[in-house]
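Q: Residue numbers (this note's numbering), protein chains in the order written: chain A, 1 to 81; chain B, 1 to 81; chain C, 1 to 160; chain D, 1 to 160.
Bear in mind the hints are in silico, worked out from the structure with no lab data behind them.
Among these hints, one or two may not hold up.
[Stated by the list, open to error] Computed beta-carbon distance windows for the label pairs:
| id | chain 1 | residue 1 | chain 2 | residue 2 | range |
| --- | --- | --- | --- | --- | --- |
| 1 | A | A68 | D | G26 | 42 to 48 angstroms |
| 2 | C | T106 | D | D144 | 30 to 36 angstroms |
| 3 | A | P42 | D | D133 | 26 to 32 angstroms |
| 4 | D | G26 | B | S63 | 48 to 54 angstroms |
| 5 | B | M1 | C | D133 | 44 to 50 angstroms |
| 6 | B | Q64 | D | E52 | 56 to 62 angstroms |
| 7 | A | S67 | C | A7 | 56 to 62 angstroms |
| 8 | D | T5 | B | R61 | 52 to 58 angstroms |
| 9 | D | G26 | C | A136 | 51 to 57 angstroms |
| 10 | C | S21 | D | D69 | 37 to 43 angstroms |
Quick caveat: nothing in here was measured; it's all calculated off a predicted structure.
We put the beta carbon where it would ideally sit given N, CA and C, even for glycine.
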Amino acid sequence: MRVTVRLFARLRELAGAEALTIDVPTDATIADVWRQVTDAHPSVAPFDRAISCAINASFARMSQPVSAGDEIAFLPPVSGG
Amino acid sequence: MRVTVRLFARLRELAGAEALTIDVPTDATIADVWRQVTDAHPSVAPFDRAISCAINASFARMSQPVSAGDEIAFLPPVSGG
Amino acid sequence: MLAVTRAPLSVDALAGAVEASVRARGKGCGAVASFAGLVRATHQGRAVRYLEYEAFDALAVKTFEQIRDEARQRWPDAALGIVHRVGRLSIGDASIVIIAATAHRTEAFQVCRYAIERVKQIAPVWKHEFFEDGDAWVEGAVADPADETARARALAVACA
Amino acid sequence: MLAVTRAPLSVDALAGAVEASVRARGKGCGAVASFAGLVRATHQGRAVRYLEYEAFDALAVKTFEQIRDEARQRWPDAALGIVHRVGRLSIGDASIVIIAATAHRTEAFQVCRYAIERVKQIAPVWKHEFFEDGDAWVEGAVADPADETARARALAVACA
C-alpha cells in the first residue's frame with residue numbers, strides 16, 4: 001500500500017525532499033516506514049534515536065501501524081519559541 | 001515660615017482640599033506639619049499610623065525637617081497596579 | 001518608558017520603546033515579558049461600574065526609576081518599562097503595563113514580576129472604585145521605598 | 001488565538017483576542033501576562049544575519065491546543081493565546097507571542113511561563129539560523145507530547 005511521508009527542517013534538507021510517496025507492506029508500522037526512508041536516504045539515518053513522528057497530523061508512536069493513504073511525518077528535534 | 005501641603009486620594013477627599021498653605025515654626029519637621037494638618041482637619045487623623053510622606057516630590061521620613069517653600073505631600077496607603 | 005499617563009496603554013508601543021533602548025545601548029534581547037493589569041468587573045462581590053486612578057505623578061515616576069534601578073542591581077542587563085494609567089477607566093481597560101526585556105526568558109519573567117510587586121508596594125497611585133451604590137478608595141500597602149523587608153519579599157516572589 | 005502565521009506578531013492584537021474570549025465566556029480577567037521571543041543578533045558568538053522558522057502548521061496548532069488544555073487542567077479559568085511566526089525573520093522580530101489571561105497575576109505569570117516551556121519542548125517548529133559564513137538548524141528537544149516527565153518539568157519551572 002502507498003503512504004505519503006513528510007520531512008521537516010534538516011531532515012527535509014538532507015533527504016532533498018519535503019514529501020515522498022512510498023509503498024509499504026500492509027502490516028507496516030511507522031518504524032517500518034522510517035526504515036524505508038533511511039534506506040533510500042541514508043543521510044537521515046543519524047536521526048534514528050532523535051526522531052518524532054506524526055500520522056495524519058497527530059503525534060504518534062513509532063510502533064503505530066499505518067494504513068493506505070496515511071500521511072506520516074518525521075520530525076527532527078524541535079527548536080521553536 | 002510657609003510650606004505647601006499636598007493631599008492625595010482619600011486624604012484629599014476627607015480634608016476637602018488637594019493643597020493647603022500653612023505656617024510652621026522654622027524648626028518644624030514633617031511630623032509637625034502633619035500634626036497641623038490633623039488639627040485643622042481631624043477627619044484625616046485616623047491615617048496617623050498609615051501615612052507616607054514626601055518632600056518636594058521625594059519620599060521622606062516624618063522626622064525630616066522642612067524648609068520655607070517646601071512642598072510636603074501626605075500619602076494614604078497605595079493601591080496602584 | 002517610566003511614566004504616568006491618561007491615555008490608553010499599549011503593550012506593543014511600550015515594548016517597542018524598551019527594545020529600542022536596549023538596541024541604543026548596543027545590546028540585544030531575546031525575551032520580552034509583559035504584565036498588564038486590567039480593570040475587573042467585580043470587587044469582593046460588588047459590581048464595579050468604573051474606576052478612577054489617581055497618582056502623585058512626579059513621585060510615581062521617581063518610584064518607577066527606583067524600581068528600575070533596583071532591578072538593574074539584580075539583573076544588570078534588564079531593560080524595564082512601566083506606565084501607569086490614571087483618570088477614569090472602564091471594565092477591561094489596562095491600568096498598568098510593565099515590560100521587561102532581557103537576553104533570556106527566565107530573567108524576563110523575574111524582572112517583570114519584581115516590578116509589579118514593587119509598584120504595588122510603593123508607587124504613589126490610588127484606586128477609587130465606583131459601584132452602583134457607592135464608591136470606595138482601595139488602600140493597600142503603606143508605601144515605604146526604603147523598607148528592605150518589602151523589597152526582599154518582592155524579590156522572593158519574583159525569583160521563587 | 002492558537003496559530004502559526006507568516007505575519008508580524010502583535011501582543012496587543014493577541015491579548016485583545018484572548019480577553020474577548022474571556023468576556024465571551026461571561027468571565028473577567030484582571031491580569032494578562034505575555035511573553036515574546038525575539039530574534040537575537042548573535043548565537044554562540046556568531047553574528048546572525050537572519051533566521052527562518054519552519055513549522056508543521058497543522059500539528060503545531062494541535063500542539064498549542066494540547067498546551068492550552070494542559071494549562072486548563074491546572075488553571076481552570078486561564079485563557080491562553082499562542083501564535084508562532086514562520087518564514088524569514090530579522091533581528092529583533094518576534095518569533096512567538098504568548099498571552100495568558102487570568103483573574104490574578106500569579107497565575108498569569110505561571111500560565112505564560114508554562115506555555116513557553118511546553119512550546120519549546122513539543123511544538124513542531126524549527127529554527128534555521130543564517131550567519132555571514134554559513135547556516136545551521138537548531139535542534140533542541142525530541143518532541144514527545146506524551147512525556148509526563150517533560151510536562152512535570154515545565155510545571156515545576158512555571159510554579160517554582
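Q: Each hint needs a verdict: does it hold in this structure or not?
A: Tested hints:
1. Between A68/A and G26/D the CB atoms are about 47 angstroms apart, so this pair conforms to the stated range of 42 to 48 angstroms.
2. For the pair T106/C and D144/D, the supplied restraint of 30 to 36 angstroms is violated, since their beta-carbon distance comes to about 23 angstroms.
3. Look at P42/A against D133/D: about 28 angstroms separates their beta carbons, and that is inside 26 to 32 angstroms.
4. Between G26/D and S63/B the C-beta distance comes to about 52 angstroms, which sits within the given range of 48 to 54 angstroms.
5. Remark: the range hint 44 to 50 angstroms for M1/B to D133/C is upheld by a beta-carbon distance near 46 angstroms.
6. Under the hint 56 to 62 angstroms, the C-beta atoms of Q64/B and E52/D, about 60 angstroms apart, fit the expected range.
7. A hinted range of 56 to 62 angstroms holds for the C-beta pair S67/A and A7/C, which are about 59 angstroms apart.
8. For the hinted restraint 52 to 58 angstroms between T5/D and R61/B, the CB-CB distance of approximately 54 angstroms keeps it satisfied.
9. Judged by the Cβ atoms, the range 51 to 57 angstroms given for G26/D and A136/C is violated: they are separated by roughly 25 angstroms.
10. Here the CB-CB span from S21/C to D69/D is close to 38 angstroms, well matched to the stated 37 to 43 angstroms.
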